[in-house]
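Sequences are here, hints too, so could you generate the full structure?
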Amino acid sequence: MTDQTIFLCDDDEGVRSSISFLLRQHGLRVVTYSSGPELLAALDALAVAPRGICILDVRMEPLSGLQVHEALIARDLGQRMPMLFLSGHGDIPMAVGAMARGAFNFVEKPYANDDLVQLINRALELEVQWHSRMARHDALRQLIAGLSRQQIRLMPMVAAGELNKTIAWKMGLSVRTVEEHRRKIFDRLNLHSAAELATLLAEARAAGVDIPLDTEAL
-18 MTDQTIFLCD DDEGVRSSIS FLLRQHGLRV VTYSSGPELL AALDALAVAP
32 RGICILDVRM EPLSGLQVHE ALIARDLGQR MPMLFLSGHG DIPMAVGAMA
82 RGAFNFVEKP YANDDLVQLI NRALELEVQW HSRMARHDAL RQLIAGLSRQ
132 QIRLMPMVAA GELNKTIAWK MGLSVRTVEE HRRKIFDRLN LHSAAELATL
182 LAEARAAGVD IPLDTEAL
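Be aware that the sequence shown starts at -18, since it is given in our numbering, and climbs by one per residue.
FYI, nobody ran anything at the bench for these hints, they're computed from the structure. If you're wondering where the values come from, they're calculated on a predicted model, not measured in any experiment. Where hints are given, some of them may not hold.
Keeping only pairs whose Cα atoms sit at most 25 angstroms apart, straight-line, the calculated SDA-like set for lysine to any residue is [as the list claims (entries may be wrong)]:
no.	residue 1	residue 2
1	LYS165	LEU121
2	LYS165	THR180
3	LYS146	ILE192
4	LYS165	GLN132
5	LYS165	ARG130
6	LYS165	ARG122
7	LYS151	ILE166
8	LYS165	ALA176
9	LYS146	VAL156
10	LYS90	SER1
11	LYS151	LEU170
12	LYS165	ALA188
13	LYS90	THR(-14)
14	LYS165	ALA141
15	LYS165	GLY127
16	LYS146	GLU177
17	LYS165	ASP191
18	LYS90	GLY(-5)
19	LYS151	VAL190
20	LYS165	ALA185
21	LYS90	ARG103
22	LYS90	PRO74
23	LYS90	PRO18
24	LYS151	ARG163
25	LYS151	ILE192
Computed Cβ-Cβ distance ranges for the label pairs, DEER-style [as the list claims (entries may be wrong)]:
no.	residue 1	residue 2	range
26	GLU184	ILE73	33 to 41 angstroms
27	THR180	PHE2	46 to 54 angstroms
28	ASP(-7)	TRP111	23 to 31 angstroms
29	PHE2	ASN86	17 to 25 angstroms
30	THR180	HIS70	44 to 52 angstroms
31	ILE73	SER174	50 to 58 angstroms
All C-beta atoms, glycine included, are put in the ideal place defined by N, C-alpha and C.
Structure below.
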């Protein structure tokens, strides 16, 4: 992917130089940073969300790789960019802990060049999948945001296959109003059946969209 960047952060100039040289030989775009604050400032300055992956050294000053990882999670980048850790032998427990927080993987120093490149390519492939999923989630949020709150509250009942008159009774609306809401929902979301709506609602909830699970939430 030509728009993907490898953000390499390590306070060892030799490591930065050797890894960036290796990856550029494989046609990969790399930018390097000597500290966590420098990386975070650069990402914060971007006009759009970055595409690519981060490679973080576990032991850095003034922020460790783990602290940088937490800062990236707080910036909502933890689910958009795979994080790869470089660790010494004594750092493995910390790197494993970072994986429990969503990091992609870790590489123990010294590393084999071929293994590192292979792992980075896997991370880049994963980022493409994550980007596609997040783009779909963002699109779902925008679509549903175009509906009225009443239509959003009505959707679970339509998805469950309830009759218009039943929905009208539960929501204190006329049947005609329910019919109009149903039409607008299907038009807005480009759907044709209650089953399609049920599938979309499950995906939207997974994306964090606030939709009542049942009529009791009304």
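Right, here's what the structure says about each hint:
no.: 1; hint: LYS165 - LEU121; in the structure: holds (16 angstroms)
no.: 2; hint: LYS165 - THR180; in the structure: holds (18 angstroms)
no.: 3; hint: LYS146 - ILE192; in the structure: holds (22 angstroms)
no.: 4; hint: LYS165 - GLN132; in the structure: holds (8 angstroms)
no.: 5; hint: LYS165 - ARG130; in the structure: holds (13 angstroms)
no.: 6; hint: LYS165 - ARG122; in the structure: holds (16 angstroms)
no.: 7; hint: LYS151 - ILE166; in the structure: holds (18 angstroms)
no.: 8; hint: LYS165 - ALA176; in the structure: holds (16 angstroms)
no.: 9; hint: LYS146 - VAL156; in the structure: holds (6 angstroms)
no.: 10; hint: LYS90 - SER1; in the structure: holds (16 angstroms)
no.: 11; hint: LYS151 - LEU170; in the structure: holds (23 angstroms)
no.: 12; hint: LYS165 - ALA188; in the structure: holds (22 angstroms)
no.: 13; hint: LYS90 - THR(-14); in the structure: holds (22 angstroms)
no.: 14; hint: LYS165 - ALA141; in the structure: holds (17 angstroms)
no.: 15; hint: LYS165 - GLY127; in the structure: holds (10 angstroms)
no.: 16; hint: LYS146 - GLU177; in the structure: holds (21 angstroms)
no.: 17; hint: LYS165 - ASP191; in the structure: holds (19 angstroms)
no.: 18; hint: LYS90 - GLY(-5); in the structure: holds (13 angstroms)
no.: 19; hint: LYS151 - VAL190; in the structure: holds (23 angstroms)
no.: 20; hint: LYS165 - ALA185; in the structure: holds (18 angstroms)
no.: 21; hint: LYS90 - ARG103; in the structure: holds (19 angstroms)
no.: 22; hint: LYS90 - PRO74; in the structure: holds (14 angstroms)
no.: 23; hint: LYS90 - PRO18; in the structure: holds (23 angstroms)
no.: 24; hint: LYS151 - ARG163; in the structure: holds (15 angstroms)
no.: 25; hint: LYS151 - ILE192; in the structure: holds (17 angstroms)
no.: 26; hint: GLU184 - ILE73: 33 to 41 angstroms; in the structure: holds (37 angstroms)
no.: 27; hint: THR180 - PHE2: 46 to 54 angstroms; in the structure: holds (47 angstroms)
no.: 28; hint: ASP(-7) - TRP111: 23 to 31 angstroms; in the structure: holds (28 angstroms)
no.: 29; hint: PHE2 - ASN86: 17 to 25 angstroms; in the structure: holds (22 angstroms)
no.: 30; hint: THR180 - HIS70: 44 to 52 angstroms; in the structure: holds (47 angstroms)
no.: 31; hint: ILE73 - SER174: 50 to 58 angstroms; in the structure: holds (51 angstroms)
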